[in-house]
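Engineer: The residues making up each chain are set out below.
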Amino acid sequence: AQSVTQLGSHVSVSEGALVLLRCNYSSSVPPYLFWYVQYPNQGLQLLLKYTTGATLVKGINGFEAEFKKSETSFHLTKPSAHMSDAAEYFCAVSGPSGGYQKVTFGTGTKLQVIP
Amino acid sequence: SQTIHQWPATLVQPVGSPLSLECTVEGTSNPNLYWYRQAAGRGLQLLFYSVGIGQISSEVPQNLSASRPQDRQFILSSKKLLLSDSGFYLCAWSAGSNQPQHFGDGTRLSIL
Chain A
1 AQSVTQLGSH
11 VSVSEGALVL
21 LRCNYSSSVP
31 PYLFWYVQYP
41 NQGLQLLLKY
51 TTGATLVKGI
61 NGFEAEFKKS
71 ETSFHLTKPS
81 AHMSDAAEYF
91 CAVSGPSGGY
101 QKVTFGTGTK
111 LQVIP
Chain B
1 SQTIHQWPAT
11 LVQPVGSPLS
21 LECTVEGTSN
31 PNLYWYRQAA
41 GRGLQLLFYS
51 VGIGQISSEV
61 PQNLSASRPQ
71 DRQFILSSKK
81 LLLSDSGFYL
91 CAWSAGSNQP
101 QHFGDGTRLS
111 IL
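Here the protein sequences line up with chains A and B, keeping their order.
In terms of our numbering, the first sequence has 61 at position 61, counting the first letter as 1, and numbering is strictly consecutive.
In terms of our numbering, the second sequence has 1 at position 1, counting the first letter as 1, and numbering is strictly consecutive.
Read the hints as simulated data drawn from the structure, not as lab findings.
Hints may be right or wrong, so weigh each one.
As the list claims (entries may be wrong) - Derived lysine to aspartate or glutamate pairs resembling DMTMM-like cross-links, with alpha carbons at most 25 Å apart:
1. LYS110/A x GLU71/A
2. LYS110/A x GLU15/A
3. LYS49/A x ASP85/B
4. LYS110/A x ASP105/B
5. LYS80/B x GLU22/B
6. LYS58/A x GLU15/A
7. LYS49/A x GLU26/B
8. LYS49/A x GLU64/A
9. LYS49/A x GLU71/A
For reference, chain B alone in the conformation it holds in the complex:
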C-alpha cells in the first residue's frame, strides 16, 4: 500500500534562517505531489504542485520554493524565513488527474 512521510512534525526557526521540509511517498510511481499551507480559518492554500521530476508549478508568489529531485521526493525550501511563513504545512500525493489526494501528517512551523 502507499504511504506518505513528512518530517519534521514540528519546527521552530528564527526569522531569517533557511528552511527545508521533506516529503516522500512509497508504494507508487510518478505521483502528483503537492505542498499546502494551512492557516486557521482559511482552509488550505496550495503552494506548489508537481506532475513529474523537475516539474514544479508555483501557485502563490512568495518566499518559498519547491523541488522534486526524485520521483517520490518533494522538498519545500526557503533561504530566509519570514514571520509570515509560520503555519501548518501539508504534503500530499495523488495518482493523477481527478484522483483524491492523500496527505501526510503535516509540519507545524513556528517562526520566532
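The shape of chain A in the complex, shown without the other chains:
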C-alpha cells in the first residue's frame, strides 16, 4: 500500500525566508503525488500535483515541488514566505492500492510564519 511521511509536524520560518516542507512517499510503482493546504476551519485546497512528465511542478501561490524518484521524495518549497502562507500542509499519494481511486494523506505540517 502507498503511504507518505511528512517530516516535522511544525515548521517555523521568518517572513521572506525559504519555505521547505518535506514529504517522502512509499509506493511500489510510480505514484501520483499532491500537496494540499488547509486554513483553520476550512477544507483542503489543492496546491499542486505530480502525475507524469516534468519532475518540477509549479503550483498556486508561488509554491513548487520536485519529484525525486531516487530519493522517493516530493518536497514543497517557496522561495519567500508570506504571512498568508501560515496554514497546515498535507502531502498525499495515489497509487495502485485501491485502484487509484483513493488518496492517502500524510499527517500534515503546520507552517508558522514569523514577522
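Following the hints, put chain B in place on chain A, whose structure we already have.
Structural biologist: Okay, now just chain B, sitting in the frame of chain A:
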C-alpha cells in the same frame, strides 16, 4: 465550474442521537465522492468512498454509514452517536482515478 456544498458547518449533538451530514456536488457528472474525518495531529482518515450511485466502500469499521442516493449527493449517517464520533468531517469529490480531490468546507461535529 464545479462546486461542492457541505452542511451544516457546525453541529452539536448529544450522545446516542442520530446523525445526517449531506454533501452535494454541482457542475460535474459521475464524480468519485469521499467522506473523511480529521482529528488533530492525525491527518485525514478516509471513512467511505463511492465511484457511483449505490456503490459505497467502507474503509474503517465504525458507528457510521454512508449512502449515495443520487449521482452528486453523498450522505454520512449514524443511528446513535458516540463521544468518539466528534471531529471535523470533510466531503470531497474527484473526476476519477488519479485525479486530485476537491474538498468542501467541512462540518465540525461535537458530541456532548
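Engineer: Now tell me if each hint is right for this structure.
Structural biologist: For each hint, the structure was consulted:
A C-alpha spacing of about 23 Å is found between LYS110/A and GLU71/A, which places the hinted pair at or below 25 Å, so the restraint holds. Note on LYS110/A and GLU15/A: the hinted pairing holds, with a Cα-Cα distance of about 15 Å set against a maximum of 25 Å. A hinted pair counts as satisfied when its Cα atoms are at most 25 Å apart, and LYS49/A with ASP85/B does not qualify at roughly 31 Å. Only pairs whose Cα atoms come within 25 Å are accepted, and LYS110/A paired with ASP105/B is accepted, the gap being roughly 19 Å.
Annotation: proposed proximity of LYS80/B to GLU22/B holds, straight-line Cα distance about 17 Å (limit 25 Å). Between LYS58/A and GLU15/A, the direct Cα distance comes to roughly 21 Å. Compliance with the 25 Å bound is thereby established for this hinted pair. Our distance criterion of 25 Å between C-alpha atoms is met by LYS49/A and GLU26/B, whose separation comes to about 23 Å. Using a Cα cut-off of 25 Å, the hinted pair LYS49/A and GLU64/A holds, with the two alpha carbons roughly 10 Å apart.
This hinted pair checks out: LYS49/A and GLU71/A have alpha carbons roughly 18 Å apart, not beyond 25 Å.
The structure fails to meet hint 3 from the earlier list, while all remaining hints are met.
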